[in-house]
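Participant: Chain by chain, the residues run as shown.
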Amino acid sequence: MSHDSTTATESADEYLTFALGEEEYGVEILKVQEIRGYDTVTRLPDAPDYIKGVINLRGTIVPVIDMRLKFRLAKAEYNALTVMIVLNVADRVVGMVVDSVSDVIRLGAEQIRPVPEIGATIDRQFITGIGTAAERMLILLEIERLMTSAEMGLVAHANAA
Amino acid sequence: MDITRFHAAFFEESRENLDAMEAGLLALESGSADAETINVVFRAAHSIKGGAATFGFAAISELTHQLETLLDEARSGRRQLDPDAIGALLVAGDSLRGLLGAAEHGDAIDEAGLKRAHDGLARMMGRESKAASSAAAASKAEIAEWRIGFKPAPSMFLSGNDPLRILRELAGHGELGVTCLDNNLPKFSDLDPFEAYLAWDLMLPGSVPRSAIDDAFAWVEDQCELAIEGIPAKSMVAPPPPAEHLDNVVALGARTETTAARSGGNDADSSIRVAVNKVDALINLVGELVITQAMLRQRSTQLDPVANELLLSGLEQLDRNTRDLQEAVMGVRMLPVEFAFSRFPRMVRDLATRLDKKVRLRTSGEATELDKGVIEKIVDPLVHLVRNAIDHGLELPAERRAAGKDDTGTISLNAQHQGGHIVIEISDDGRGLDRERILRKAAERGLPIGDNPTDAQVWDLVFHPGFSTAEQLTDLSGRGVGMDVVKKNIAALGGQVEIRSKKGAGTTVSIRLPLTLAILDGMTVAVGGEVFILPLNAVIESLQPGAGDVRTIANEARVLRVREDYLPLLDLAAQYGLVGSHGNAHGNGAPIAVVVEADGRRLALEVDELLGQQQVVVKNIEANYRRVQGISGATILGDGRVALIVDVGGLTQAQQMANAA
Chain S
1 MSHDSTTATE
11 SADEYLTFAL
21 GEEEYGVEIL
31 KVQEIRGYDT
41 VTRLPDAPDY
51 IKGVINLRGT
61 IVPVIDMRLK
71 FRLAKAEYNA
81 LTVMIVLNVA
91 DRVVGMVVDS
101 VSDVIRLGAE
111 QIRPVPEIGA
121 TIDRQFITGI
131 GTAAERMLIL
141 LEIERLMTSA
151 EMGLVAHANA
161 A
Chain D
1 MDITRFHAAF
11 FEESRENLDA
21 MEAGLLALES
31 GSADAETINV
41 VFRAAHSIKG
51 GAATFGFAAI
61 SELTHQLETL
71 LDEARSGRRQ
81 LDPDAIGALL
91 VAGDSLRGLL
101 GAAEHGDAID
111 EAGLKRAHDG
121 LARMMGRESK
131 AASSAAAASK
141 AEIAEWRIGF
151 KPAPSMFLSG
161 NDPLRILREL
171 AGHGELGVTC
181 LDNNLPKFSD
191 LDPFEAYLAW
201 DLMLPGSVPR
211 SAIDDAFAWV
221 EDQCELAIEG
231 IPAKSMVAPP
241 PPAEHLDNVV
251 ALGARTETTA
261 ARSGGNDADS
271 SIRVAVNKVD
281 ALINLVGELV
291 ITQAMLRQRS
301 TQLDPVANEL
311 LLSGLEQLDR
321 NTRDLQEAVM
331 GVRMLPVEFA
341 FSRFPRMVRD
351 LATRLDKKVR
361 LRTSGEATEL
371 DKGVIEKIVD
381 PLVHLVRNAI
391 DHGLELPAER
401 RAAGKDDTGT
411 ISLNAQHQGG
421 HIVIEISDDG
431 RGLDRERILR
441 KAAERGLPIG
451 DNPTDAQVWD
461 LVFHPGFSTA
471 EQLTDLSGRG
481 VGMDVVKKNI
491 AALGGQVEIR
501 SKKGAGTTVS
511 IRLPLTLAIL
521 DGMTVAVGGE
531 VFILPLNAVI
541 ESLQPGAGDV
551 RTIANEARVL
561 RVREDYLPLL
571 DLAAQYGLVG
581 SHGNAHGNGA
591 PIAVVVEADG
601 RRLALEVDEL
611 LGQQQVVVKN
621 IEANYRRVQG
631 ISGATILGDG
641 RVALIVDVGG
651 LTQAQQMANA
661 A
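Chains as they are written, first to last, in the numbering used here: chain S, 1 to 161; chain D, 1 to 661.
These are computed hints drawn from the structure, not numbers from a lab. Keep in mind it's a predicted model, so treat the numbers as computed, not measured. There may be inaccurate statements among the hints.
Simulated restraints on C-beta separations [stated by the list, open to error]:
no.	chain 1	residue 1	chain 2	residue 2	range
1	S	E23	D	A275	55 to 63 Å
2	S	K75	D	N321	27 to 35 Å
3	D	R343	S	D103	21 to 29 Å
Covered by chain S, per the in silico footprint, the following chain D stretches (three or more residues, Cβ under 8 Å) [unchecked claim]:
no.	segment
4	285-291
5	567-578
Pulled from the structure, derived: some chain S residues nowhere near chain D, Cβ distances all over 10 Å [said to hold, decoys possible]:
no.	residue
6	D46
7	V93
8	P116
9	R136
10	E142
Glycine included, every Cβ here is placed at the ideal spot set by N, Cα and C.
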């Protein structure tokens, strides 16, 4: 690996941006496996409302989470534009339903600000920082920590068993 | 060249060699060994030593060297391997296993264990040399000369071995008398420079240790005719008649043949090592193919059979091929149950020694094949059951004599196919379960049991968590954690376990397992707008209950009358929290009830519709999600949708707990 590319990845990471209601979020592009349309799911018993169910992704059973329900947005409609981001986090495959996917942008370290103290439904530990690109404000998610956290209910935790 | 990349192969092979060594030693001890056994054991030790020396694992090669020396004496008939010696060899084998692990993972070496192994071997060697009167030592002292007949196979050069080097090595041990036999040498014009034509008669002084001679020939053993004999001092004047010499050569030649035959029949030569994940990937792909094929078949039913005749017959052919392919691929994962049984001879021996009991182990049906995954998971329960059988089941020799039985107790392990299942039975001919005592214990612990329970019901209590009838706790078993765990593990494999026992005559634990975890015969049912799979082996019957058949108890729990019995009735849609329940399909009328059984308990499940029966490929949902109560897995239906598989055992247990609460 050349020295140049190392410094490049250090100073700037690529993020996939998506919209949830009025807000714009970003996840590290390296965690994204693919983007798909929303399919009908098979409902899972004993699951919170935001876990929509499971789908068959080329032979793998993949749970699907509706982030709009998770972040308690006003409406979570399913239409032709609704998309699902398939993530690969901690050796698991998880589908994440969002309103729409926007683009991929490169953010340098200087463009990422720490998260201010706020009382929000989403815990600060799941946010890497606030990214600014031109006039846009991006909430950068610590997606791996979020998806494997106990409150998400995707992973069996010792106390939950 | 970086030789570390060969390490993994060395470790794996060494472990196999250790297993072979252990099996051979145990066979020698029990007297079931044949003439070849000691050679197998020796070769195993020898190849570990060779590998360890090559890779520079000094501790391993030193210990194997000692081991090999002892084995060599046994091989050449100068030592009888008594149980003590075998014990020392087994301990050394364990220590080697530890050393291998240490070398592989860089763990600390168990110095104490290593020292014990060395000491044990040294004691065995020392005992021999001190006992001057022992026949072996006597014969050793009398050997004045070694006479070696060495005739390389024509192809010896091709394996990179050079007789000249061997002769030089021998010459290094003492004065070597060499007679070259060139009667096989062809005419110069016919001479092939790549073939070995010469043979030698060699003489070495008796002071040279036999092991040194064997070492020199170790690499070419199976590529030559070799006769080594020690000539006693008094017969020096009259060398043995040539006929005897010839016999010896023939005998050894025959041995070489058996070796060749053995290695020819050995799996190692006709098989390849493949990483398990490659096989699993293959199985997954075939699973996909099966699903795609099922989808095509489903779609094709709507086609006009006349216009699409060729297409349809092609699809039918595909159907057959896919099924054959699937069966063949599943077969790759199948291993003989011997893999699970092979550890027991050693374990039984050690346990019997520790408990002062005499135990004979009988195994049968080792060739029965079972999925690798099932075998791996069944080992622990089996170990537990065998331990229990020896510790609690079998009596001490004195007690057995008093009861008019053979001193030596018998533990039998038997595996066999029964339909789509494999049944493994662990039997002992010991004292059997004590009905009264189990009932007393159950009463003490407040376990639920009816009046006048049947034997089967009583034996079932043993599987209750926290139950143990052992009067004294030993470090082996009887801590009360055990049988319930055994049962849970077996249930997790989709298996069942039952006990048969007769007081004074022994106990048999019978385990019934599915052949594979990957495929399941399922009944597809519709519940609340979703499709669920009920494992067919749990389904007893399905029926449409009349209006009067469903009753409530305390206005809450619902029961279904099936002929004479009342079974708890569980609404699957409610159980799984699914809305959009029946009503739609059946009006307000009666839904369909499927009677299922698990752990000997029956339960009626209320479903909306029966869809059909099909084989499904079981997929794990825990790979990407957590465990779900009441669901044992998922599968993909012909239309590409996911269907969940109902965990019947989990439901009956939950139901029972709800009742108890």
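Participant: Which hint numbers does the structure go against, in order from smallest to largest?
Facilitator: Those not satisfied are hints 1, 2, 3, 6, 7.
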